[in-house]
Amino acid sequence: MATHNNHNGDAISNRHVSKKPKLAPTAAVAVITEADLQSEFSHHDPAVARINNGSFGCCPASVIAAQRRWQLLNLRQPDHFYFNELKKGILHSRTIIKDLVNAEHVDEISIVDNATTAASVVLQQTAWAFHEGRFHKGVDAVVMLHYAYGSVKKSVEAYVSRAGGDVIEVPLPFPLTSPNEIITEFRCALERAKSGGKTVRLAVIDHVTSMPSVVIPVKELVRICREESVDKVFVDAAHGIGCTSVDMQEIGADFYTSNLHKWFFCPPSIAFLYSRKNSSSCDLHHPVVSHEYGNGLAVESAWIGNRDYSAQLVVPDVLEFVNRFEGGIQGIKRRNHEKVVEMGQMLAAAWGTHLGSPPEMCASMAMVGLPACLGIKCDLDVARLRTHLRDEFGVEVPIYFRAPAAAISAGDVVTGYARISHQVYNKVEDYYKFRDAVDQLVNSGFTCAQLST
Amino acid sequence: MITLSNNPTLNPVPMPQDDDEDPRNGAVEANDHAHQSPLKKPRLTRPISEPDILQEFSHHQQGFARINNGSFGSCPRSVLSAQNTWHLRFLQQPDEFFFNSLRKGILESRAAVKALINADDVDDVSLVDNATTAAAIVLQQVGRQFADGSFRKNDAVIMFHCAFPAVKKSIGAYIGPAGGSVVEVRLPFPVRSDEEIIAEFKKGLERGKINGGRVRFAMIDHITSMPSVVLPVRELIRICREEGVDQVFVDGAHSIGSVPVDVKEIDADFYVSNLYKWFFAPPAVAFLHCKNSKGLVDLHHPVVSQEYGKGLALESSWVGNRDYTPQLVVPSILEFVNRFEGGIKGIMKRNHDGVVKMGTMLAESWGTMLGSPPEMCASMIMVGLPSRLCVTSDDDAMSLRTHLRVYHRIEVPTYYQALRNEDRDPKDKDGFITGYVRISRQIYNTDEDYHRLKNAINQILEDGKICSMLPVE
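Heads up: the sequence lines are chains B and X, in that order.
Per the working numbering, the first sequence starts with residue 1, numbered consecutively.
Per the working numbering, the second sequence starts with residue 1, numbered consecutively.
Looking at chain B on its own, in the form it has when it is part of the complex (with noise of 0.2 Å):
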């Protein structure tokens, strides 16, 4: 079996794409045109350059069309809908999911809201455990990444630190030249909480930090975790599935999530959280019971009261649209990928900055540093220089504040980075735009001092 490594670094064989169905344009099905394309994404602002999937993800047309079909058939008679369609319509979206990220059973598939659901999901067991005595307090700890997102930390805070627990953040350097820097960090920090005395319970993991963002060599982590004999591996993979490779076998965690309506175009909002099936498999549970509670998360995930599940039901639809495309979603991440290290290498040429990461820890999200002329000094700069970036030029991009390493107001040390995204509907126009926007703001002397007038 021919095995290659891809840009993300993940070793992937033929034998395993082979594997999956269907995931891939067949000559039944002809492949989508660019008029196609304008249309199954004319929804979206053309005034915007949007160059920032990855906070709000897209959804095309024709699956928005899905799901108001969907919604429709519940309003049309809900109860019906409920006692013989909801279920089934369920079941298959995860028997999906299951192929697409080679898990091996269903039943370790469930679908929630969002990341942000699936962490509470996770962190919530973890409390119970410290509730119930079975992890101590001041003994037993959750190791998690300094980047981890905001939301995720808050998790933690409420579900571990309130519990007892203790918490240790894996310092990242930022900007990053390898792999290898990170991988070095956890391991300190796994040495740090055993010379301590502690007993690391549970690791969470990003696969792709949100800000700044990079991906992270999760498998490697993983390795480390199972030597080192953390309990569970959690790998928060908000950004994952459509964006980079996500295979549970290869990456092996206790527990995975990823949203589908960021890179995998679905509606807001679906995820999916993994939970590998094995003899000491935890009891998850969804906070919010109902009827179904004591059934397995996947089916309490199914029905936690009367609500909008249209788009958790749409997952088929959204197979087919992606295998319109060469090469299918595969294609779709190499082409994201492709495009996005290109252009960040074009705003990097034209501003004489960097990029934050290598290209092969980008998957279809880049870090591109700002001139340091803006001088952009502090969290709210960045927010401001965002508005202003979307109010006064059309661009809609996500901006980084990175301290300077030293206490020095060093003219040309970079303290912003853009997190520039690309999917199927971008086009090179939405990154001259912004490239000149940044130029125009550099020649006219402006800086974001200027904003907070």
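Just so you know, these hints were derived from the structure itself, not from any lab.
Yeah, the Cβ is synthetic: ideal placement off N, Cα and C, and Gly gets one too.
Keep in mind that the hints are not guaranteed to be accurate.
With a straight-line cut-off of 30 Å between C-alpha atoms, the simulated DSBU-like cross-links for lysine-lysine are [unchecked claim]:
#1 357/X to 104/X
#2 310/X to 377/B
#3 264/X to 137/B
#4 264/X to 209/X
#5 194/B to 219/B
#6 310/X to 137/B
#7 137/B to 87/B
Sample of chain X residues lacking proximity to chain B, with all beta carbon distances greater than 12 Å (derived) [stated by the list, open to error]:
#8 209
#9 367
#10 370
#11 409
#12 413
#13 465
Following the hints, position chain X against chain B.
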């Protein structure tokens, strides 16, 4: 200015046409029966006509007697259209929507609810998905109080035995493991008066003190689900206060849009109601009112986001990226209900009068009786099924429901209640009554729906069939 896509599949659901103006339309007159309410008078909205109402619910399955508004509610086209417009705004430019529109929109909805329920402070009003979610929020904090010792191991929580199954499971999940015990109060049914319920509840409170503990938390339905009865919540809460119960949570899942809801007057610590059942919201949105929420430091949404610690209302307004459109349409719903004579109060009254009239008609035709007196019903009523149908189990009741759906195009939930006490068990001329239907009435229903149910049951009896013999496929 929001421009919608040219793609027809994305355009909002079409608005009702004004073609057939009902000559009864004109200025809306103050109705003598309507209660005084700022919501009674339509502002600049068009009064609604019969053809308008048909059009507003034209997406309901045609030729189907939908007499179960209580389970899943209903949503008119104009509200669906408003929801669609919000949805498209998000899809068009989600960042701009998130930063500039979402929070404002949710606050407007919360303010509209605050006015509707006579709350003091909009901070006390949170929007969540449904009553099931609200129950988890409230019960988690009760569980924490048992876990941290504020409530002691021999203290109890009290609820009615017919509390909604999800809520019972939630109590089992969050109270039991934390050490609290649970007292269940049997709801007398069929019931004849509030006094019967109050007496049972008082007995329940006594049982809660048996182990030398106190009743710390009371879970009281405003309108029970199955069997469905309006409980005397104000009186029950007064009794709770007298007994020193720490917290009272009213599960008013069915309330708003079917009974008046004045949270100051009711004076519960927590009050939840679904807006999608009787208040025309799309699935799904509910409000949770928390008395003096600023003093409740340990009440949290279980899905933790960066809003954690800023109060439940803010926590609930962002639980990660999701579709918040059901929470945004409350102002549009008010526009809709204000097109009706008497606004929501007029709707409630007409639904009540209509469901009582139809319930009485059915009971007379079948020779049975109502499960409760009219004053203990709102927009739903329980009607006894003829004993000859032989409803002997939950399965029998479900078979009958399915049979009615598949063979008679009627949707109505059914209820089985085993005999309890032979002297008092209800009877008709042929035997004991053990089965009931719960009929609902909402503005889209017509008398014809209930006559169809009457005829279907009579037909089954004429054919000599009993529940266990009914085909369901």
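Given pair status - residue 137/B, residue 264/X, alpha carbons within 30 Å: Violated, at roughly 42 Å.
Given as non-interface: residue 465/X, partner chain B, CB spacing beyond 12 Å: holds, 22 Å
Agreement of residue 310/X and residue 377/B with the hint, judged by alpha carbon distance not exceeding 30 Å: holds, 27 Å
Given pair status - residue 87/B, residue 137/B, alpha carbons within 30 Å: violated, 41 Å
Restraint status (C-alpha distance of residue 264/X to residue 209/X at most 30 Å): holds, 28 Å
No chain B beta carbon within 12 Å of residue 409/X's: Not fine: 10 Å to the nearest Cβ puts residue 409/X too close to chain B.
12 Å cut-off, C-beta based - residue 370/X kept clear of every residue in chain B: With a cut-off of 12 Å, residue 370/X remains clear of chain B, as the shortest Cβ separation is near 23 Å.
Residue 367/X remote from chain B - nearest C-beta pair above 12 Å: Holds, because the least Cβ-Cβ distance between residue 367/X and chain B comes to about 28 Å, which exceeds 12 Å.
Pairwise hint evaluation, residue 219/B against residue 194/B, where the allowed Cα distance is 30 Å at most: At roughly 22 Å apart (the allowed maximum being 30 Å), residue 219/B and residue 194/B satisfy the hint.
Agreement of residue 310/X and residue 137/B with the hint, judged by alpha carbon distance not exceeding 30 Å: holds, 26 Å
Restraint check for residue 357/X with residue 104/X, where alpha carbons must lie at most 30 Å apart: Not satisfied, since the Cα-Cα distance of roughly 43 Å exceeds 30 Å.
Distal placement of residue 413/X relative to chain B, Cβ over 12 Å: At roughly 8 Å from the nearest Cβ of chain B, residue 413/X sits no farther out than 12 Å, so the non-interface label is violated.
Figure legend: structure checked against the earlier numbered hints; hints not met, in rising order: 1, 3, 7, 11 and 12.
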